[in-house]
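What follows is the residue order along each chain.
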Amino acid sequence: MITLTINGARREVSAAPDTPLLWVLRDELGLTGTKFGCGVASCGACTVHLDGVPARSCQSAVGDLEGVEITTIEGASDAAAKAVRAAWVEIEVPQCGYCQSGQILSAAALLAGTPKPTDADIDAAMEGNLCRCATYARIRKAVHRAAEIMEG
Amino acid sequence: MLDRIIAGAVPAVRAAPLSRRGFLKLSAGAAGGLMLGAALPVGRAAAEGAAEGLATPFVHIRPDNRVVVIVKHLDKGQGTATGLATLVAEELDADAAQVTTEFAPANTALYANTLMGVQGTGGSTAMANSWQQYREAGATARAMLVAAAAETWGVDPAVVTVAGGRVSAGNNSATFGDLAEAAARQTVPGEVTLKSPDQWVYIGKSFPRVDVTRKTEGSTGMFGMDARIEGMVHAVSLRSPRFGGTLATLDDSAARAMPGVIDVIRLPDRATVIAETTWAAIRARDALVAEWDFSAAENRGTEELRAEYAALLDREGTQFHAAEPTGREAAQVIEADYFFPYLAHAPMEPIDVTVRLDGTAATFWTGSQIQTLDQNIGAQVLGIAPEAVTINTLWGGGSFGRRAIYDSHYVAEAAMVAKAWLDAHGEARPIKLVWTREDDIRGGYYRPMHMHRVRAGLDAEGNIAFWQHRVVGQGIMLGTAFEPFAVKDGVDSSSVEGLGESSPYAIPGWTADVHHPRVGVPVLWWRSVGHTHTAYVVETMMDELAQAAGADPVEFRLRYLADPRARGVLEMAADKAGALPEGLTRGIAVHKSFGSYVAEVADVRMREDGKVKVVRVTCAVDCGVPINPSNIRAQIEGGLGYGLSAILREEITLTEGEVDQSNFYDYTPLRITDMPEVEVHILPSTQAPTGIGEPGTPPIGPAVANAVRRATGQAVRELPFSRHGLA
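Just so you know, the protein sequences line up as chains A and B, in that order.
Letter by letter, the first sequence follows residues 1 to 152 of the UniProt record's numbering.
Letter by letter, the second sequence follows residues 1 to 727 of the UniProt record's numbering.
No lab work stands behind these hints: they were computed from the structure.
Ideal placement from N, C-alpha and C gives every residue a C-beta, glycine not left out.
Do not take every clue at face value.
[Said to hold, decoys possible] Residues from chain B that keep clear of chain A, each with C-beta distances beyond 12 Å, as calculated:
no., residue
1, GLU217
2, ALA248
3, ARG527
[Unchecked claim] With a Cα cut of at most 27 Å, we get these calculated BS3-like pairs of lysine-lysine:
no., chain 1, residue 1, chain 2, residue 2
4, A, LYS116, B, LYS613
5, B, LYS205, B, LYS195
6, A, LYS141, A, LYS116
7, A, LYS141, A, LYS82
8, B, LYS205, B, LYS613
9, B, LYS613, A, LYS82
10, B, LYS195, A, LYS141
11, B, LYS576, B, LYS613
12, A, LYS141, B, LYS613
13, B, LYS419, A, LYS141
14, A, LYS82, A, LYS116
So here's chain A without its partners, still in its complex pose (with noise of 0.2 Å):
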């Protein structure tokens, strides 16, 4: 058994060492808010917070993981997801919304390192989240937005 620690609470697996994190979430967990969408780290749909840093979970075995906070979009929680969430409602981001899990907790580390992103601080955080509704404007315009939020 392998004891994880997500959204903080202890949690005991029963997957060998080599699985990936993402399908320990999804199949013997039930946390499917974390998406598959490539499985090899092209896309971002399955991104987690390791310890606040933005991870790919279909790259991150979790016998690796031991002692991490593990943090998924179910429990992201902290002023910048909360932020980030009520942007994206604000501006209507979400058009199939399969990948703005992934897109929502890359945009919460950005805002929690970085609290007044530039375009540009924009486009290298997000660069690894694929959205194939493109709507990657509207992303732009709500983290700034969220940003103001975080302001109060």
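Chain A is fixed; fit chain B onto it per the hints.
Just chain B now, with coordinates in the frame of chain A:
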């Protein structure tokens, strides 16, 4: 095998669309039949409603004051659920906050797309075919609430008012929920009067998207990929690496020995691993050792196909357009050949379907886009009646055409697996079949590869004297259930739409013909279908001719655009784009597709490394009555992003019949770094609403190509741009 199955499903496809009169009768039957139990098989949603409140096919009003709009279409991001909710809420005078949506069950009689004759979503028709139907449904429910209030309070219905989700008369006031039970007992009105545009509070203004909050919280339970059915097992298939190949030998001993593997099911053209988890199934699939029989497969590669298409460009095809010859001499002639590659849709949610077969009945959970076909083809494969097949439509994680499948191939695949499972194990278990991204990219059903040849002449005054146009490409609908509707005199409209009669232009001396070569690569409609290439050819050639004529690109186009709506968007986009910023180059394009008109002005910068950066795009759109302006903007932004993605770097190529690409590292869609700023201007209109999901896509390619040509002198006629170092 699938061919026979589809042939069997065709009669259902031809189910006659309901007339408006027929709808009202059915609607009355369903609402009136509410107390009569399951008189009509309206399925889960109505069954729930039957116990509580007012239930009609399209809207339920529950005692808890929720208004549930029953969405007959698939929403895969294009905003249709919100659009239908807007129409109902408008006529019902509901409060937006009380409105939610549920997807309709498969029921062609009740829920056919009135423009398609099947229950299905496509061709940007969702709003166009629902415009009258869903407003009438809202107005009908409103009339029943008013009648219920009048009866309850003992007042004349004429004095009862409804606004913002409250029903009032004098000192009496009630919520919809308060009146829901009484409303269900009222007679369904035979006729309803719809609001006039000046009375609208939501249409043309704003209505909040019904799905965004959940989509920022992990979208639990929304997508097929996330379906979790009690006792579920997971399936991943190994398919032939060449289209049309069959399985010759299979060694599954290593796969069967892997942890979590339950079974390996062998089918004629694939082998499917059944496992306890998706990951176990993926790993075991990699351990299968298969040999394939390619004797009936498509064994040609892109280069061979291209050479054959090029040879066809020299031969006369089937003519589909012939304008009167102008009789004018050409002073200048431009000749050009164009090449458009196969394209994958690559929606972010890969293909998935969950099936449970319990002997004589089956249930599917998937982002079903043509429910009628999924139900009928699923039933055919399973050898059971269509009525025994339940389709639970879930939200689609993108589609762009990929889930609108004329052969329901992945529903059929899941059905075959479920049948084989039940035969082998005798115990029903839900099976979730998942396609990995590699399966998706390599799995066919592409935008068909096309080539065009145009030879166009300008007379001495710089006006078009003739335009000879030839198209070569696979017809999408040839050989499918849709052939009777879309193929006329050997011409598949999906290859030539946007040319000739369906072009917004009346080009003098325009003649056009087409060849449809038979190729074994499965092809499918891809956001805006034939317009993806026809608009590119017409609008880049138009720009070259304008420049050759020494004319302004807008003025030159206006010479050949009689349609005031096409002129309107072109002039508005050109006007709103304003002055061109220093260092940028501008290109423009206009097109009509799916009944809507879109013009796009692209301002680009050529970078020092020779690559193009699209900085800003100014759009004008006329899609009739703009139901939801925020969603129209979203669809134009996304539609042009999707088109830009394709022209910059997307291509599927084949070598000896095998697809060369496999995932997002070699099939490379648009990222945020490529996305321009987008400004969308919506023309006011009183015309019935037309499409918005697709029309933003066609103009962006030619607008950018025109800007690049004006900046560099290079006419890009072979896509994508990355072939030329431009992306």
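Taking the hints in turn, this is what the structure says about them:
Here GLU217 (chain B) does not stay apart from chain A, with its beta-carbon only about 7 Å from theirs, under the 12 Å limit. Against chain A, the non-interface label of ALA248 (chain B) holds: every CB pair exceeds 12 Å, the least being about 28 Å. At roughly 10 Å from the closest C-beta of chain A, the C-beta of ARG527 (chain B) falls inside 12 Å, breaking its exclusion from the interface. Taking the CA atoms of LYS116 (chain A) and LYS613 (chain B), the gap is about 25 Å. The hint holds against a cut of 27 Å.
For the given pair, LYS205 (chain B) sits about 15 Å from LYS195 (chain B) by alpha-carbon distance, which is consistent with the 27 Å threshold. Taking the CA atoms of LYS141 (chain A) and LYS116 (chain A), the gap is near 12 Å; set against the 27 Å cutoff, the hint holds. Between the alpha carbons of LYS141 (chain A) and LYS82 (chain A) the distance comes to roughly 16 Å, so the proposed pair stays at or under 27 Å and holds. Between the alpha carbons of LYS205 (chain B) and LYS613 (chain B) the distance comes to roughly 34 Å, so the proposed pair goes past 27 Å and is violated.
Taking the CA atoms of LYS613 (chain B) and LYS82 (chain A), the gap is near 33 Å; set against the 27 Å cutoff, the hint is violated. Of the supplied pair hints, the one linking LYS195 (chain B) and LYS141 (chain A) is violated, its CA atoms being roughly 36 Å apart against a limit of 27 Å. Under the criterion of a C-alpha separation no larger than 27 Å, the hint pairing LYS576 (chain B) with LYS613 (chain B) is consistent with the structure, at around 21 Å. Between LYS141 (chain A) and LYS613 (chain B) the CA atoms are separated by roughly 19 Å; this keeps the pair inside 27 Å, and the hint holds.
For the suggested pair LYS419 (chain B) and LYS141 (chain A), the alpha carbons sit about 49 Å apart, so the restraint of at most 27 Å is broken. A threshold of 27 Å between alpha carbons decides the hint, and for LYS82 (chain A) with LYS116 (chain A) the separation of about 16 Å falls inside it, so the pair holds.
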